[in-house]
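Trainee: Please arrange chains B, C, D, E and F on chain A, whose structure you already have, making use of the hints.
Protein chains: 6
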Amino acid sequence: MSCFVRKETLRRLMQPRLVVSAHCDLPCGIYDPAQARIEAESVKAICEKYQGNEDPVFRTRALLIKEQRSELVKHHLWVLWTDYFKPPHFEKYPELHQLFNEATKLAGATGSKGSVDPGEAQKLLDKIAEIDKIFWETKQA
Amino acid sequence: MSCFVRKETLRRLMQPRLVVSAHCDLPCGIYDPAQARIEAESVKAICEKYQGNEDPVFRTRALLIKEQRSELVKHHLWVLWTDYFKPPHFEKYPELHQLFNEATKLAGATGSKGSVDPGEAQKLLDKIAEIDKIFWETKQA
Amino acid sequence: MSCFVRKETLRRLMQPRLVVSAHCDLPCGIYDPAQARIEAESVKAICEKYQGNEDPVFRTRALLIKEQRSELVKHHLWVLWTDYFKPPHFEKYPELHQLFNEATKLAGATGSKGSVDPGEAQKLLDKIAEIDKIFWETKQA
Amino acid sequence: MSCFVRKETLRRLMQPRLVVSAHCDLPCGIYDPAQARIEAESVKAICEKYQGNEDPVFRTRALLIKEQRSELVKHHLWVLWTDYFKPPHFEKYPELHQLFNEATKLAGATGSKGSVDPGEAQKLLDKIAEIDKIFWETKQA
Amino acid sequence: MSCFVRKETLRRLMQPRLVVSAHCDLPCGIYDPAQARIEAESVKAICEKYQGNEDPVFRTRALLIKEQRSELVKHHLWVLWTDYFKPPHFEKYPELHQLFNEATKLAGATGSKGSVDPGEAQKLLDKIAEIDKIFWETKQA
Amino acid sequence: MSCFVRKETLRRLMQPRLVVSAHCDLPCGIYDPAQARIEAESVKAICEKYQGNEDPVFRTRALLIKEQRSELVKHHLWVLWTDYFKPPHFEKYPELHQLFNEATKLAGATGSKGSVDPGEAQKLLDKIAEIDKIFWETKQA
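Residue numbers (numbering that gives the first Met the number 0), protein chains in the order written: chain A, 0 to 140; chain B, 0 to 140; chain C, 0 to 140; chain D, 0 to 140; chain E, 0 to 140; chain F, 0 to 140.
Since the hints were made in silico from the structure, they are not lab data.
Owing to the predicted nature of the structure, the values given are computational and were not obtained by experimental measurement.
Check the hints yourself; a few may be wrong.
Heads up, the list lumps identical chains together, so a pair's fine if it works in one copy or across two of them.
[Said to hold, decoys possible] Calculated pairs, EDC-like style, for lysine to aspartate or glutamate (alpha carbon to alpha carbon, straight line, at most 20 Å):
hint, residue 1, residue 2
1, Lys-85, Glu-70
2, Lys-85, Glu-119
3, Lys-122, Asp-82
4, Lys-104, Glu-90
5, Lys-122, Glu-94
6, Lys-132, Glu-47
7, Lys-132, Glu-94
8, Lys-138, Glu-119
9, Lys-91, Glu-47
In isolation and in its complexed conformation, chain A is listed as follows (with noise of 0.2 Å):
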């Protein structure tokens, strides 16, 4: 990975400096990852409820909300990574980009059996996991 970071620092080194906090004045510095989890535990809950009901209407309506928290899923992710995240953090952490854009996907599911698979949404919580971990390391640096 040490050739990544090399090159990223050499650009930065020809830019004129950033500082992290100067960014982030509006709108308000509020960021916290339990928001696309309490989104993402939503739609583990709505698999588990999907699968113990066969009722057409109550399975219609629980893939539509299901839809409608994945998209809150992507959209509270998609902030933290464009408005919350730095150059700095993804220097230090260059797996940052990867981890943002596999969780996103997976919490679009996209089209497959699996999206009513609770398995499949324990992963997207696990990506989450990792999400939260790293960027309450950032917050305490």
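Mentor: Just chains B, C, D, E and F, lined up with the frame of chain A:
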């Protein structure tokens, strides 16, 4: 408060019995006052930044984003009040209706100069903390 | 109900006096329960059409649109409850909190088979009619 | 206007016959210009309050909320124009297209100083009243 | 069609002159029928995939997403009709009102089985192509 | 950059093989960076009009609408990044993650005075043009 409880009790005795958990088999059973709290923290942080920056572009964006965040606070509180809490909860916590009504009114912060006052936003956070306390008591019950 | 009123009266006597109209200088003072009623009529009509058509594409679209309409019913009712009605109204109509809570719960119609039952939608319309009656009494007062 | 009618008549005679009610079996058949009117009353009330209050926070919120209300006026009118009204209506009321176009343009009130003028908002209400009159004539037909 | 034009011309001669560009100084003057076209291509692609996959989860998601895409087609067309096109355009292209009305009706595709028929979606694309042609003629004028 | 590619290659060799087109069978496979570009052109045009008009009502509306347009730019870019682009694309174009992150950060244009600067909006358009170039290369591959 006892007569209120009595009337409610009476009404319920004459109805077919309603088990709490039976109401809630979809969307998902996942609720968390943290959603309202995070948005309210955002409202407070925006108020503080508004006070510290006189640039009109900044201030207009601040009001805009604060308005959206306040709407989200209201929405998350309304969902808790309507979808999570059930008649037995309102019976046990008779102040709950008024608490939610005051909290959503505070979140609306309708039109007064106070609406960019971090102190008002703190009051909102305090109300949400009261709701949060009751919420977790009902979850453990 | 009288002891509820008494406690509320007491609480208010110890607070700074609050003139009703002072709360409401923005958004605009325009409220009308017709907004909730029209959406609820739509919910009922959709239930009726759902019952009369077994085509799965039609039924899925019906559930989808009914879900959105129900959300709008809830939203319009929540706005009335939080933004239009003020403490003196709740003092005069102590059943108002519960009425709104039951109406929005009915609008949610969470997950039961009853949710495509026009009879349930009619109950929702009846609740909204009760709210509407109180609303216009308070407007004339 | 007669030649317009004639051309339209001709076109329709060569098409398979289309019964009006056949178009409209979902969403629900419930339409009411009151939805547009209530939002437009809100727009007018906001204009009046804007004129009477010079506080910049108040005025920014007023513009923000007015913008949303105007969008809703447009949306409700567009839905009536596209979903409720059918070719036979446009044949009978050939001014209807232009009426809706002018009403939605007024609702947009694009960018001129006039957009906080209650007089402009009244013009919008007048246009909606014209549409409302035609709407109820077609309902009774 | 000529008498329609004549009546419209007459009405305009008796009004204060209206320069086209004067209407349009905000939002921004940027319009492009490509927005409606891309969403309509999405609608058509979803219809094709719906036809080729009988899994009920897939089909429900397909209907859900198609419904949202259709709403976006309608919205983009409505914005063009109300915000971009001005009275002189409607005078020059008297079929424009009807073209937009038919296109948005097709986008709505209300409730018939045809709504998952790629052929219907192609008709929508054809209508948008007609609008697109006129749009670019007016841009070059 | 080669070591980044190598690590990614390694990771993929140890995973079950994933054919690109298999991910994308719903929503629809229709993507087009034109959606982001049109909204970004709107952002730039609004900046230009903001600079040329000092009326506070106009300027507030300009900021309001620009904020919404910027959100749409971000949303369209996020959808491309998460839903269209797949691991083999990120392997072939290792700068893609950073390109999207910078483009969405520019679209956010968080809080600085630069946010009404047409030059900043042009930078956003340039980033989108880079993404657009890669997008069409991958479509032709």
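Trainee: From the Cα coordinates, with 20 Å as the cut-off, is the pair Lys-85 and Glu-70 best called within, between, both, or neither?
Mentor: between (23 Å within a copy, 19 Å between copies)
Trainee: My question is about Lys-91 and Glu-47: at a cut-off of 20 Å on alpha-carbon distance, are they close within one copy, between copies, both, or neither?
Mentor: Neither: 37 Å inside a chain and 30 Å across chains, both beyond 20 Å.
Trainee: Which holds for Lys-138 with Glu-119 at a C-alpha limit of 20 Å: within a copy, between copies, both or neither?
Mentor: neither (29 Å within a copy, 26 Å between copies)
Trainee: Quick one: Lys-104 to Glu-90, C-alpha cut-off 20 Å, is that within a copy, between copies, both, or neither?
Mentor: between (23 Å within a copy, 16 Å between copies)
Trainee: Reference check for the pair Lys-122 and Asp-82, CA-CA at most 20 Å: within, between, both, or neither?
Mentor: between (24 Å within a copy, 18 Å between copies)
Trainee: From the Cα coordinates, with 20 Å as the cut-off, is the pair Lys-132 and Glu-94 best called within, between, both, or neither?
Mentor: within (13 Å within a copy, 25 Å between copies)
Trainee: From the Cα coordinates, with 20 Å as the cut-off, is the pair Lys-85 and Glu-119 best called within, between, both, or neither?
Mentor: between (29 Å within a copy, 18 Å between copies)
Trainee: Reference check for the pair Lys-132 and Glu-47, CA-CA at most 20 Å: within, between, both, or neither?
Mentor: For Lys-132 and Glu-47, the Cα distance exceeds 20 Å both inside one copy (26 Å) and across copies (28 Å).
Trainee: I want to check one pair: Lys-122 and Glu-94. Are their C-alpha atoms no more than 20 Å apart within a copy, between two copies, both, or neither?
Mentor: within (17 Å within a copy, 27 Å between copies)
Hint violations for this structure: numbers 6, 8 and 9, all remaining hints satisfied.
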